Structures are given as C-alpha cells and as structure tokens.
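Engineer: What follows is each chain in one-letter form.
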Amino acid sequence: MTMPIYASPEQFMRDRSEYARKGIARGRSVVVTTFSGGVLFVAENHSPTLHKVSEIYDRIGFAGVGRYNEFENLRTAGIRLADVRGFSYDRRDVTGRWLANAYAQTVGSIFSEHQKPFEVELCVAEVSGTGAGGVGAPVGADQLYRISFDGSIADERKFVVMGGATEPVISALTASFTLGWDLPTALGAAVSALGTAGEGAPRELLPTQLEVAVLDRTVAGRTFRRIQGATLSALLAVPNTPTVEEAEAAAAGVTPNPDAETPDSPVE
Amino acid sequence: MTGEAPASSWPVSAVPAAYMRPGNASFTEFLAAAEPHLLPGHGAGQAAAALPHATTIVALTCADGVVMAGDRRATMGNIIAQRDIEKVFIADSHSAIGIAGTAGFAVEMVRMFQLELEHYEKIEGVRLSLDGKANRLAAMIRGNLAMAMQGLAVVPLFAGLEDAAAFGADPAAAPGPGRIFSYDIAGGRYEEHDYYAVGSGSMFARSALKKRYEPGADLASTVRAAVEALYDAADDDSATGGPDLTRRIFPVVVAVTAGGAVRWTNEEVGAVSEAVVAGRLLKPGG
Numbered sequence: 135m136t137m138p139i140y141a142s143p144e145q146f147m148r149d150r151s152e153y154a155r156k157g158i159a160r161g162r163s164v165v166v167t168t169f170s171g172g173v174l175f176v177a178e179n180h181s182p183t184l185h186k187v188s189e190i191y192d193r194i195g196f197a198g199v200g201r202y203n204e205f206e207n208l209r210t211a212g213i214r215l216a217d218v219r220g221f222s223y224d225r226r227d228v229t230g231r232w233l234a235n236a237y238a239q240t241v242g243s244i245f246s247e248h249q250k251p252f253e254v255e256l257c258v259a260e261v262s263g264t265g266a267g268g269v270g271a272p273v274g275a276d277q278l279y280r281i282s283f284d285g286s287i288a289d290e291r292k293f294v295v296m297g298g299a300t301e302p303v304i305s306a307l308t309a310s311f312t313l314g315w316d317l318p319t320a321l322g323a324a325v326s327a328l329g330t331a332g333e334g335a336p337r338e339l340l341p342t343q344l345e346v347a348v349l350d351r352t353v354a355g356r357t358f359r360r361i362q363g364a365t366l367s368a369l370l371a372v373p374n375t376p377t378v379e380e381a382e383a384a385a386a387g388v389t390p391n392p393d394a395e396t397p398d399s400p401v402e
Numbered sequence: 002m003t004g005e006a007p008a009s010s011w012p013v014s015a016v017p018a019a020y021m022r023p024g025n026a027s028f029t030e031f032l033a034a035a036e037p038h039l040l041p042g043h044g045a046g047q048a049a050a051a052l053p054h055a056t057t058i059v060a061l062t063c064a065d066g067v068v069m070a071g072d073r074r075a076t077m078g079n080i081i082a083q084r085d086i087e088k089v090f091i092a093d094s095h096s097a098i099g100i101a102g103t104a105g106f107a108v109e110m111v112r113m114f115q116l117e118l119e120h121y122e123k124i125e126g127v128r129l130s131l132d133g134k135a136n137r138l139a140a141m142i143r144g145n146l147a148m149a150m151q152g153l154a155v156v157p158l159f160a161g162l163e164d165a166a167a168f169g170a171d172p173a174a175a176p177g178p179g180r181i182f183s184y185d186i187a188g189g190r191y192e193e194h195d196y197y198a199v200g201s202g203s204m205f206a207r208s209a210l211k212k213r214y215e216p217g218a219d220l221a222s223t224v225r226a227a228v229e230a231l232y233d234a235a236d237d238d239s240a241t242g243g244p245d246l247t248r249r250i251f252p253v254v255v256a257v258t259a260g261g262a263v264r265w266t267n268e269e270v271g272a273v274s275e276a277v278v279a280g281r282l283l284k285p286g287g
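In order, the protein sequence lines correspond to chains Z and D. Taking the numbering used here, the leading residue of the first sequence gets 135, the next gets one more, and so forth. Taking the numbering used here, the leading residue of the second sequence gets 2, the next gets one more, and so forth.
Don't take each hint at face value.
Claimed, not checked - Below, in silico cross-link-like pairs of lysine to any residue (SDA-like), each with a Cα-Cα straight-line distance of 20 Å or less:
(1) Z:156 to Z:253
(2) Z:250 to D:211
(3) Z:250 to Z:220
(4) Z:250 to D:222
(5) Z:250 to D:15
(6) Z:250 to Z:149
(7) Z:156 to Z:203
(8) Z:250 to D:18
(9) Z:250 to Z:148
(10) Z:292 to D:18
(11) D:211 to D:222
Think of the hints as simulated: they come from the structure by calculation, not from any bench. Since this is a predicted model, take the numbers as computed values, not measurements.
Construct the entire structure; sequences and hints are all you get.
Structural biologist: In structure tokens form, the structure reads like this:
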C-alpha cells in the first residue's frame, strides 16, 4: 500500500495561495477609484471585446483580473444573483455589500474545498447617489470591495489596484490620489499609474489598450457606461474636459444635448 | 463550492451552484431552472373571473418611429377595478410593450420581459435585435399557455425600432423603421403593418385607425390619432376608459424614436386629450 505524502495544512494552503497569486500576477492590472462624479474603472486590456469591467446592476459595477473564464463565470453569476434579487424584492434592495459577501463566500469555499483555487481577484463597486431628485437613495461614500482568491474581502476608501505588478501602480496612485478629483484628472492619474508597471516602464498607454467605464453618480437607474473610442481619446487628450458629456460632444463636434439620450441607455 | 440550494433557502449569502453553471443569457430560462417559484403565475388557481382585466392598447408607426398608447381602466366583471392602471411600458431603450388581459400576470410579465432584455444586455454586452426581442416575448407567452387556457390570458403588443448601436457595430448607422408585433395566447408572433390594437376595445380602435392613420405622419399628429382611437374605443367599449378630465387621468403614451423610447408626461398627453375632447364636443363621432 502506498502512503500519501504528508503535507501540513499550512504548507497546503501556502502552495495554493502561491499558485493563485502566480496566476493573477501574469495578467495586466485594473484600477478602480472614486471621483467627484462617481466610480471610475480603468483596465489595461488589449482586447476590445473580452471585458474585464462590467455592469452588474443599477449602481453596482464589477472588475476582475486573473483567469478570464473564472472571473467571467463569477461575473455572470453576479448578474444573475442581482437580477433575481431585484426581481423578487426591489431594485433598491440589491446592494454592493451583499454581492461582495456572496462573492467572498463563494471564492473562499472554492479556495479551501476545490482541487484548484480560482486565480482571480475581483472588485465590486457601488456608487452612492447625489441625494438630489431621488437619484440613488443612499448618500454617503462610494463603496469599493476587493475580493481576493482566498475569499478575503477588504473595503477600500480610495482606490483598488488588482492584477499583475501592483506595487508601482499603488505607489503612483497613493502619491496622486486626491479625494473628490474630477474625471479627467482621475483617468489621467490611473492611466499613468498603470503605465508604471510592466515591461519598459514607464509606458504610455494608448486608448486602444484601455478599457474604461464609469458608474455615473448623477444618473437615476442604470449608471454604468463605457467610455471608449473618440470619447476616451478626447478625455485623455484634453485634460481639462470636465465631464463625459463635453468629451463626447468634443469627439462628435457638436454641442451637448441633454435630450439626446434616455437615462436607461448606457452609451455603448 | 456550495451545494445546490433548495428553492426555499432564498435569500442566500453565497452564490448557489446553479448561478455558476454555464448557460445562455435568458433570464426567464435561468429563473425556470434555478428559481422556478419566482416565475410569474407560479401556483395560480382558478380565480380568473374575479381578477382585474386590462383593456385597449393601440400602436401606430410614424415618420420618426412608432407610438404606443393605452387607456387607464382595469375592470373586474362590471366593476371598474382601477381608474389609473398603466398598461403601456418602456421595455428597453428602443422598444415599448403594452398589455391586455389579466392585469396581475400582465404586469408581472412586463417586469419579466424588461428584465429579460436588460439581463441579456448585461451578460452579452450588446442588446438584442428587435426580432430577437419579439421572439423572446413570444416564448414567454407560450410559457403562459396553461394559464391562458384557464382564462388567465395575457395578450401583449410590442413595438420598437432597430437600435443602430444594438450590435455595437456602427453607431452612425441609420435606425430602422418603427415596427409593431402582435401575439396570440399560444405565443404566435405576427408582424403588423402601419397600426394595430389589442384588447376588448381593439375592434373600435382599429376601425378608427383605419380612417385616421396617415403613413409617414409626424409624431404629434400620430399621438393625436392614437388618443382619438382610444376615445372611440372608450365610446363603444365599457371596459375601456376615456380621458378623465376631472381627475386628470389620461392615456399613457410612449413614443419610440431613434433617440430612444420616451414616455410622454401626463401634461403633454393631457393637452392632446383636451384637444380631442374639444373636437368631440363639436362632432361626437370624431
């Protein structure tokens, strides 16, 4: 009879952590931060179609790094969970804290019970409302939850950096972060922070290498919108463009028209 | 991973296994597999006659897109169950849905349909095509067939236009024309041209529209024709409510154009309704 090789539980968990950490470190990074108008997601992502950042619900967004199939699976599960909860209770009863807890428990149990841990890190962000005109019931700080491969969950105040070499990105953002900064400033800082990592750093990231989205605090209903194409280029090129609307207008060469868009149609 | 959670354990704190299973982007099919007790009409009995019924919905195409309007009355036998029920809804950014039939199920079906479209968009990252939306609605009605046979039928009317950015391809592409789809209780889907009406007063509304419909008319005159048709339906059908000038209850009007689906405010529809009533004071037949 062969004897199984003994490994202490500490060793066992260390091996798993190391395995997951290595898998995550191979990918590119994602920055999630708050700004005056809401929550900003910036991911270095060379694919225009395989997203790292997604809408989950009215005021909740999702970012994932690591193995695509694993965080995509969790993203789908999150959308289903949120939609079922919103359908059976009410849209206001779907909260970021609840979803982050569900993710943490799931990823945690996969870490300790499955053959292979998930090589993912997630961020669940919930944008607070302005309190004006019934836009977003809870007024207070935006919530950023970071969920690690082992199910540990942390509540961040300023920003979340996940993925590959995070240390230079974190130190760059720690230096530049100011509470309540506007969108172009936050976007510029996040993009240059992402450029401090990787080969040949510091790098200049092009709009086509970025996946950018915001949760817009001022909107009622679905707040998630992607910023891409000409709008993103305009925001990156014109550092003094104060709002998404003006950047879109600058990109389209027209004056902003508030009636052009219905509130529940995020710009694709 | 957590085991399969029994249906009664809702709400859950960790993600149940069914939520992590690969599947398609349909919310209805997911709900049927994972949480069947939340499906509309689950456990419904034989109380058909005693439930409120909603009535006339009209839809007309116009130069800019399509307009849908519905009266505000719900009836329960000979009783008016509700004076200000809403039966016309924005389904998503470029489509609208109106419902006639058992009000309770109909409203639930609309919620479900709105969520179906939103769920698909979130999971897939693009919106469904207009035909895709119309087909999903047909499948949902077919799922309700057993209850329809007990008298709990829901008959929707669906209208919209092809959203240029639906496939994320070319945002500059011209939007399609306004299109209208009607359904039968078995889930049959029929594309209607120019105009259509469903519900108990639909016969009168359609006759009115036959005379009033102008192809390629502008938005304002199309809304006027819709409100006139609802007035005619209310004139001859006791289950359809006319514009209520004393309580300021007016039809619900949703206009779907290239800019998106917009519900007209009560004041805007009120102004149109007052013009219609003023016209009928001179000429009751319209």
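Engineer: So if I understand the rule, the pair passes when the alpha-carbon distance is 20 Å or less; does residue 250 of chain Z with residue 211 of chain D pass?
Structural biologist: Distance ~67 Å between residue 250 of chain Z and residue 211 of chain D Cα, so the pair is violated.
Engineer: Would the pair residue 250 of chain Z and residue 149 of chain Z pass a check requiring their Cα atoms to be no farther apart than 20 Å?
Structural biologist: The hint holds at about 11 Å.
Engineer: Take a quick look at whether residue 250 of chain Z and residue 15 of chain D sit within 20 Å of each other, Cα to Cα.
Structural biologist: Since the Cα atoms of residue 250 of chain Z and residue 15 of chain D sit roughly 19 Å apart, the hinted pair holds (cutoff 20 Å).
Engineer: Given the hint that residue 250 of chain Z pairs with residue 148 of chain Z, test it: the Cα-Cα distance must not exceed 20 Å.
Structural biologist: holds, 13 Å
Engineer: Under the criterion that the straight-line Cα-Cα distance not exceed 20 Å, is the pair residue 292 of chain Z, residue 18 of chain D satisfied?
Structural biologist: Since the Cα atoms of residue 292 of chain Z and residue 18 of chain D sit roughly 33 Å apart, the hinted pair is violated (cutoff 20 Å).
Engineer: Against the 20 Å threshold, does the CA-CA distance of residue 156 of chain Z and residue 203 of chain Z hold or violate the hint?
Structural biologist: The given pair, whose Cα atoms are some 17 Å apart, holds under the 20 Å limit.
Engineer: Has the given pair, residue 250 of chain Z with residue 18 of chain D, been kept, meaning a C-alpha gap of at most 20 Å?
Structural biologist: holds, 17 Å
Engineer: Decide if the proposed pair is consistent with the structure: residue 250 of chain Z and residue 220 of chain Z, CA atoms, cutoff 20 Å inclusive.
Structural biologist: violated, 32 Å
Engineer: For the pair we were handed, residue 250 of chain Z and residue 222 of chain D, check the Cα-Cα distance against 20 Å.
Structural biologist: Violated, at roughly 65 Å.
Engineer: Taking only the CA atoms, is the gap from residue 211 of chain D to residue 222 of chain D under or equal to 20 Å?
Structural biologist: holds, 15 Å
Engineer: Does residue 253 of chain Z sit within 20 Å of residue 156 of chain Z, going by the straight-line distance between their CA atoms?
Structural biologist: holds, 8 Å
Of the numbered hints stated above, those contradicted by the structure are hints 2, 3, 4, 10, listed in ascending order.
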